[in-house]
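**Student:** Sequence:
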Amino acid sequence: MIGLVLILIYPLGYSLWLAFHQWTLRTFRQGVPYVGLDNFTDLIQGEDFTGALATTGTFMFFAIVLEFVLGMGLALLLDQNLRGQRLFRSLILLPMMCTNVVIGLTWRLMYNYEYGVVNYFLNMVGIDSVAWVSDISVVMLSVILVDVWNTTSFVALLLLAGLQALPEEPFEAARIDGASAWQRFVHLTLPLLRPAILVALLWRVIDTFRIFDVIYLLTAGGPARKTETVSIYVYRYGFKLFDLGFAAAASYLMILIMLIMAIVLTTMIGRTSSD
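Residue 1 is where the sequence shown starts when you use this note's numbering, and the numbers rise one by one after that.
Some hints could be false.
Distance ranges between label pairs, derived from CB positions [stated by the list, open to error]:
#1 Gly84 - Pro11: 45 to 51 Å
#2 Ser137 - Arg271: 40 to 46 Å
#3 Cys98 - Glu47: 33 to 39 Å
#4 Tyr34 - Arg210: 24 to 30 Å
#5 Gln183 - Ile2: 52 to 58 Å
#6 Gly3 - Leu91: 37 to 43 Å
#7 Ser137 - Gly46: 23 to 29 Å
#8 Gly46 - Tyr10: 25 to 31 Å
#9 Gly36 - Tyr120: 27 to 33 Å
#10 Gln183 - Ser90: 31 to 37 Å
#11 Cys98 - Val264: 27 to 33 Å
#12 Met261 - Met124: 38 to 44 Å
Keep in mind that the hints were calculated from the coordinates and are not lab data. Yeah, the Cβ is synthetic: ideal placement off N, Cα and C, and Gly gets one too.
Please work from the sequences and hints to get the whole structure.
**Tutor:** Below is the structure:
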């Protein structure tokens with residue numbers, strides 16, 4: 001813990017100091033003047049940052065919705081007594097075993113307009129090739145599909161653990177009373193599974209809000225910044241434009257937004273546990 005504190009204190013403290021100063025590659029030799037809240041006000045008033053927030057929110061919403069729908073379906077399927085159940089569980093966890101760099105590079109090759117395997121199979125069924133990572137109209141769908149492929153198994157694993165921890169007595173009583181499978185799912189499974197759902201939602205909200213590597217390898221935030229998330233926005237200002245003060249302010253605003261979302265979700269989890 002002492003080692004972690006010593007390693008974290010300096011970069012966190014220095015980046016916080018940078019957020020209130022002007023540090024650019026062209027001017028830092030002449031000094032790093034104190035600018036107060038100017039970096040934060042310019043950040044909030046700028047269209048680029050609000051656009052990156054909107055892009056991140058769009059990506060988060062559709063990715064998480066798809067992952068929960070598919071993850072819930074997989075969890076319900078794997079909760080049944082099926083032959084080869086262990087094999088199926090191992091297979092759906094395979095995407096989690098790959099690093100994000102490998103996933104980004106592999107899907108970029110698969111999305112290739114001329115030689116990608118995705119367009120190859122589309123052409124086999126009579127559909128024209130799609131510019132998955134360069135067409136503005138489909139590029140967001142492309143990155144969402146990659147994230148869904150990558151993390152649906154994680155959501156399914158958390159929900160499956162929650163399903164297996166549910167008591168059997170309410171379900172047996174519902175069956176005796178003649179409740180259908182859909183009624184048992186809506187009125188018993190979902191309410192009892194709420195803590196597991198909120199935990200999975202907390203992890204996915206934090207993870208999707210700060211996503212960087214997969215999208216950067218797929219599109220680098222393009223085309224026309226249509227996939228520029230907040231993390232890629234911070235990277236562009238910090239390591240391409242070398243405006244470190246502005247990038248540090250964006251980073252801390254990003255941390256603040258993430259902290260608010262985490263507090264809301266953890267509060268909901270605490271209320272559910274107390275109930």
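**Student:** Cβ-Cβ distance between Met261 and Met124: within 38 to 44 Å?
**Tutor:** holds, 43 Å
**Student:** Do the Cβ positions of Cys98 and Val264 conform to the proposed distance bound of 27 to 33 Å?
**Tutor:** The hint (27 to 33 Å, Cβ to Cβ) holds, given that Cys98 and Val264 are roughly 31 Å apart.
**Student:** In this structure, is the beta-carbon distance linking Gly84 and Pro11 contained in 45 to 51 Å?
**Tutor:** Taking Cβ atoms as reference, Gly84 and Pro11 lie about 48 Å apart, which means the hint holds.
**Student:** Is 52 to 58 Å respected by the C-beta to C-beta distance linking Gln183 and Ile2?
**Tutor:** holds, 55 Å
**Student:** Would you say the C-beta atoms of Gly46 and Tyr10 sit inside 25 to 31 Å of each other?
**Tutor:** Given range 25 to 31 Å: holds, Cβ gap about 29 Å.
**Student:** Mind checking the hinted window 37 to 43 Å against the Cβ distance between Gly3 and Leu91?
**Tutor:** holds, 39 Å
**Student:** So does Gln183 sit 31 to 37 Å from Ser90, Cβ to Cβ?
**Tutor:** This hint holds: roughly 33 Å between Cβ atoms.
**Student:** Note whether the CB distance of Ser137 and Gly46 lies within 23 to 29 Å or breaks it.
**Tutor:** Since the Cβ atoms of Ser137 and Gly46 sit about 25 Å apart, the hinted range of 23 to 29 Å holds.
**Student:** So does Tyr34 sit 24 to 30 Å from Arg210, Cβ to Cβ?
**Tutor:** Once the Cβ atoms are compared, 28 Å apart, the range 24 to 30 Å for Arg210 and Tyr34 holds.
**Student:** Assuming the hint says 27 to 33 Å, is it satisfied by the Cβ distance from Gly36 to Tyr120 or not?
**Tutor:** violated, 56 Å
**Student:** Given a hint of 40 to 46 Å, does the C-beta separation of Ser137 and Arg271 actually sit inside it?
**Tutor:** holds, 41 Å
**Student:** Mind checking the hinted window 33 to 39 Å against the Cβ distance between Cys98 and Glu47?
**Tutor:** Between Cys98 and Glu47, where Cβ atoms are some 36 Å apart, the hint holds.
The structure does not agree with numbered hint 9 stated previously, though it agrees with all others.
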